[in-house]
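S.K.: Okay, here's what each chain looks like letter by letter:
Number of protein chains: 2
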Amino acid sequence: MKRSGENYQVDRIQELETKGRAVLHDALGLTGSEISINELPAGVSVPFMHAHKRNEEVYIVLKGSGRFHIDGDEFEVSEGDVIRIDPSAERCIIASADSSLRFICVQTEANSLVQFTAEDGVLLESKPSWFA
Amino acid sequence: MKRSGENYQVDRIQELETKGRAVLHDALGLTGSEISINELPAGVSVPFMHAHKRNEEVYIVLKGSGRFHIDGDEFEVSEGDVIRIDPSAERCIIASADSSLRFICVQTEANSLVQFTAEDGVLLESKPSWFA
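Protein sequences, first through last, are from chains W and H. Under my numbering, the letters of the first sequence match residues 49 to 180, in that order. Under my numbering, the letters of the second sequence match residues 49 to 180, in that order.
Okay, chain W solo, but in the shape it has when bound (with noise of 0.2 Å):
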C-alpha cells in the first residue's frame, strides 16, 4: 500500500524473492537511515568485501542461515540474530548452501543518535479511534 500525509509515508515491499533487494531511503524519504531488505539464494554471497566511510551497519537476519565475514573473523547466522558493524570493518555476506538467507541492513551515520525512546519520545493525551 502506498499512501502518505504530511508527516508520514507508506510503501510496500513487493517481490523481494525475485528482486533480491528492496530499498526505503528513496521510497520512503528517509533522512536519518538507508535501510535495505535483501534475500541472497542459497549459495550466493555478496560479490565483494566492503567497508564504510562514515556509517554504522546493523543486520538483523530474518529468515534462513548463512556466514558472515568481518575483519578475519568468519561465523554461522540464523534467523534472529543480529549485529552490528563499525564503519572501517571489511565485510561480507554469503548464504548457506541449502538455505536462502534474508536480512535486513539499516546503515546510519556512526554516533549520530542524541537520544531515544524515554528520553525521546512524548506522551500524548490524544487517542486513537480504537480507545474512543
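If you're looking for bench data, these hints aren't it; they were derived computationally from the structure. Be aware that a few hints might be false.
[Unchecked claim] Here are the simulated lysine-lysine pairs, DSBU-like style, with alpha carbons at most 30 Å apart:
1. K50/W to K67/W
2. K111/H to K111/W
3. K111/W to K175/H
4. K101/W to K67/H
5. K111/H to K101/H
6. K101/W to K101/H
7. K50/W to K101/H
8. K175/H to K50/H
9. K67/W to K101/W
10. K175/H to K101/W
11. K67/W to K175/H
12. K50/W to K111/H
13. K101/H to K67/W
14. K175/W to K101/H
15. K111/H to K175/W
16. K67/H to K50/H
17. K111/W to K67/W
18. K67/H to K111/W
19. K101/H to K67/H
20. K50/H to K175/W
21. K50/H to K111/H
22. K50/H to K111/W
23. K50/W to K111/W
24. K67/H to K111/H
Since the model is a prediction, treat every value here as computed from it, not as a measurement.
Dock chain H against chain W, hints included.
M.R.: Then chain H, alone, in the frame of chain W:
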C-alpha cells in the same frame, strides 16, 4: 549467538513471542540508531499515543496485520508494509483482532544521514574464505 570483535558485536533475539519486545541499542552498542523488534498479540494496542522530539521512526511490518493511527489518519498494515514517521506526528498501533502484529521500529536522529551505499561504501580487494 553472542560474540564480538574490535569493530563488531553480535547478539540474538530470543523468545520474542513471550517477551513482546527486543531492543538492540544497549545489546549491540549502537551509536546511530535504536532498533526494536516488537510483537503485539492479537487485539492488543500500544497503550498510548506518542510523538518524538528529534527522532524519525521507520516501521517494517514482518508478520500479521494491524492498524496505524498517524495524525488522525488510520489505515491497515500487513506483512511487507514500510512506514516513515516524522518526529512530530502523533502515532499509535494496534494488532488486528484475529492476528498478532510483528514489526521492527528503527529510531534515528532526523536529518542525520550524510551519505549512504555507493557514496559511503568502500570496495576492498580482500576476500572472505569462500572466494579464496
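S.K.: Are the hints correct? Go through all of them and say.
M.R.: Results for each hint:
1. K50/W to K67/W: Distance ~19 Å between K50/W and K67/W Cα, so the pair holds.
2. K111/H to K111/W: Given pair K111/H, K111/W holds - Cα atoms ~12 Å apart, limit 30 Å.
3. K111/W to K175/H: 25 Å, holds
4. K101/W to K67/H: 36 Å, violated
5. K111/H to K101/H: 29 Å, holds
6. K101/W to K101/H: It holds: about 28 Å lies between the C-alpha atoms, which stays within 30 Å.
7. K50/W to K101/H: 26 Å, holds
8. K175/H to K50/H: Since the Cα atoms of K175/H and K50/H sit roughly 24 Å apart, the hinted pair holds (cutoff 30 Å).
9. K67/W to K101/W: 27 Å, holds
10. K175/H to K101/W: Answer holds: K175/H to K101/W is near 19 Å, not above 30 Å.
11. K67/W to K175/H: 25 Å, holds
12. K50/W to K111/H: Distance of about 18 Å is within 30 Å: holds.
13. K101/H to K67/W: Given pair K101/H, K67/W is violated - Cα atoms ~36 Å apart, limit 30 Å.
14. K175/W to K101/H: Roughly 19 Å between the alpha carbons, so the hint for K175/W and K101/H holds.
15. K111/H to K175/W: Holds - the C-alpha atoms of K175/W and K111/H are around 25 Å apart, at most 30 Å.
16. K67/H to K50/H: Holds, at roughly 19 Å.
17. K111/W to K67/W: Satisfied, since the Cα-Cα distance of roughly 16 Å is no more than 30 Å.
18. K67/H to K111/W: Roughly 20 Å separates the two Cα atoms, so the pair holds.
19. K101/H to K67/H: Distance ~27 Å between K101/H and K67/H Cα, so the pair holds.
20. K50/H to K175/W: 40 Å, violated
21. K50/H to K111/H: 25 Å, holds
22. K50/H to K111/W: Within the cut-off at roughly 18 Å; holds.
23. K50/W to K111/W: At roughly 25 Å apart (the allowed maximum being 30 Å), K111/W and K50/W satisfy the hint.
24. K67/H to K111/H: 16 Å, holds
The structure fails to meet hints 4, 13, 20 from the earlier list, while all remaining hints are met.
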